[in-house]
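Quick note, the sequences are listed as chains A and B, same order. So the first sequence is numbered by numbering that gives the first Met the number 0: it starts at 0 and just counts up by one. So the second sequence is numbered by numbering that gives the first Met the number 0: it starts at 0 and just counts up by one.
Don't read these hints as lab results, they were simulated from the structure. By construction, the Cβ of each residue, glycine as well, lies at the ideal position given by its N, Cα and C atoms.
Covered by chain A, per the in silico footprint, the following chain B stretches (three or more residues, Cβ under 8 Å):
# : region
1 : 30–36
2 : 43–52
3 : 82–92
4 : 152–166
5 : 252–266
So these bits of chain B aren't anywhere near chain A, every CB distance computed over 12 Å:
#  : residue
6  : 62
7  : 64
8  : 175
9  : 249
10 : 289
11 : 313
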Amino acid sequence: MKVRGTLFRALVALLFALGAAVATAQDADTSAVLNLATNADPTLNPWTPGAVIESNLINTILFEQLTRYSPEDLTPSPMLATSWQAEEGGLAWVFELRQGVVWSDGDPFDAADVAFTFNDVVLNPDLGAQSASQFSAIDRVEVIDDHTVRFVLNEPFSALPYYLASFAGIIPVHVLGEAENPLQVASFNKGIPVTTGPYKVAEFVPGSFVRLVPNELYWAGEPKLAGMVFRIIPDLNTQVAEAMAGQLDVVTRLSPQNVRGIESTGALEVLRQSQNLFFFVAPNHDDERLADVRVRQAMTMAIDREAMIQAILDGYGEVASGPVAPMLGALFNGDVRQYPYDPEAAAALLDEAGWTVGPDGVRQKDGQRLSFYMPTGQFGDLVPATLLVQQYWQDVGIETDVQVMEWNAYIQDVVLGRNYEVTLAWWSMPPTADVAPYFSCDAAQTGNNIPNYCNEDLDRIMDEGRAALTLEEQADAYGRMQELLAEELAYIYLWWPDILTAKSVRLQGFPEITANAAFQHSFDWYVTAR
Amino acid sequence: MTQYLVRRLGQGLVVLFLVSLLTFFLINLAPGGPSSLVDISTTVAERNARYALYGLDRPVHERYVAWLGGAVTGDLGTSINQGLPVSRLLMQRLGATVVLALTALVLAAGFGVLLGIVAAMNPNRWPDHVVSTVATLGMSVPNFWLGIIAIIVFAVELRWLPASGIVSIGRGADLIDRLRHLVLPASVLAFGLMPNVVRVTRSAVLETKATDYVRTARSKGLPDGKVMRKHMLRNALVPITAMIGLITTVLFSGSVVIESVFGYAGIGRLAIEAANGRDYPVILGVTMLAGTVVVVVNLVVDMLYAVIDPRIRHG
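Looking at chain A on its own, in the form it has when it is part of the complex (with noise of 0.2 Å):
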């Protein structure tokens, strides 16, 4: 019977893609060029400081990595690696790069492009290299053939082909391994950068539009397109009515305020992606008010989280058990303690831990008033959803001092610098369980572990995760990982955001899964002849 079952699949999966290739092959127009936007002059290189929301997707498209997310459930797939396998009890991986890929110049990709990205550029402390936090457990990366490379790491790292898919292209050492800072290089990040996908640059125009042309050495053959252009366009709004207009093919982060619109056209199409993402409130753990475990939970059942998914996001989201989204399949777990909106059960969990309500409505134990300096920073919707949480925790009687704080000094002073008692903000991760980054007490104080939280237990079984290396021994470590955050609440959870993106109807082959993974197989995408 499950033989059956799986030889059905099978055949059906078989018919599907014979049918998928019939389509490209009859219905693609070959001449077609796809129109996206961006909203600042891209920086044409992944791992340049900086190098964020307006490159992230472009440099996806040019700059290939060792390993890519699979469209159906986002474990790491071949890419420029074409398999690879733990040794050393999980302190070494060794991976077989994939033969025939040549650079844009015509010159060929090996191990050495391999060990320059990591070695020289994202383990060099001075360079600051974009996200080289995520890669601190890489001691080293051995080449030992021209096709084969050892990356050797300081502690056992079993997400490493995960995070090896999240923004980390490979650079060529013979373009850039001579260059002073090889993420400075002006004719590379603002020009023509020699890369490996299936697109390559043709023309950078500052302030206008970056355009792309097939790249006719590409190792998997021709891409369907004639080319792609990347027009800068700072205003979402600007960008939702030229897609409006026909001018754009894909517009990514839509608010929920944009959706109704562009579905209206007829013409686009507005696709729910996920992103291992999840808005919080930090409570800071150095403050002993804050400590107590009763504290955090009845600070959480205070919050109506439904519906502020509905008064900020339209809907377009999910209540949050814990960090790890339900995107992540196997890894996800679900069946952890929640917390419901009951202000009658927070406020007597108040009660229970000693905050009783003072004479002007806000708690008090011990001369202490259950009072917070809360600062949130001018960012998408943090500022009105802070202040929804106000009047929740008003209700119970918990007082919140906010301040609202330009961005840029808001991270320096509040993410970085700690001087905070609760703040609201979000943390966008690589689709892995591995969360250690913002829940380690190594991170506390110093790193992304922004509510200083720190719990012996919790660091235990993140490494068990971290050692595991098969899946069924991961999912049990980062279950029990779940159980531990819900019960302990080092964040308070708010909601997983549905990540909004709009295409056009005619452009196929583009997976629905996250916008990342989308444009990591760009090779795919074609559009459909009118």
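Please build the complex by placing chain B on the supplied structure of chain A, with the hints as guidance.
Structure of chain B alone, referenced to chain A:
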């Protein structure tokens, strides 16, 4: 004359020095920092490495001295967020802004003088009323609003002109295409500046019209056109030139707004990007460029007075 020029240039340098001093300390003392250095997921270690890389770990006064030393030799530093030399960024964008600003200036001055003369020749009759209504509209309608309306009418509804950009993608060398992209932003920019020229021209022409020498010229039988050109306009030109000089400096700030509305990649957009991203060297570079333009334009206007009116002598 040479002495005057040297003195004025010296004064200009002092002004620029003070502008740089004020700007440098203001932007460096504001809270926050360059956006590429403080993005939310940067760890303290990463941030420290980047600060050291850009020399931002040194005290502000030391950095100012270093910047000034470079600026004197023409090195305005390197953009923190873009990694390009500031002078190169300015040169990339300057051309587009100069074209836009000069076109707007020619339109504003040309139509402004013309309408001003029409109004002055028909005081308090219907042409004067029409001109003053147009001028009042130009003065009071904010140009970002006018820009959006112009896009909706001429680009989206009528589809006569492109909505944004400098040139259509893939048609970089097409002059007609560039001109089509220039029409809307230059017209909107000019429309807001023109009323100043109209009003000054109208009152200057009205004033000369009542002078004895104009009456003499007419009574000796000179044709109207010649009286207008040789006697009235020539004398009205001094206040008009002063106004055009003033407008030229305002053009710069006007183009900041217009360039954003029309997605026009010039100095104005660069200024906004730099301010949003706290890109200190670029903010300084744009400010110094704007300061230099103001100083030079003022000097040129003062020199022009002497050319237009031989009675004015600089010494």
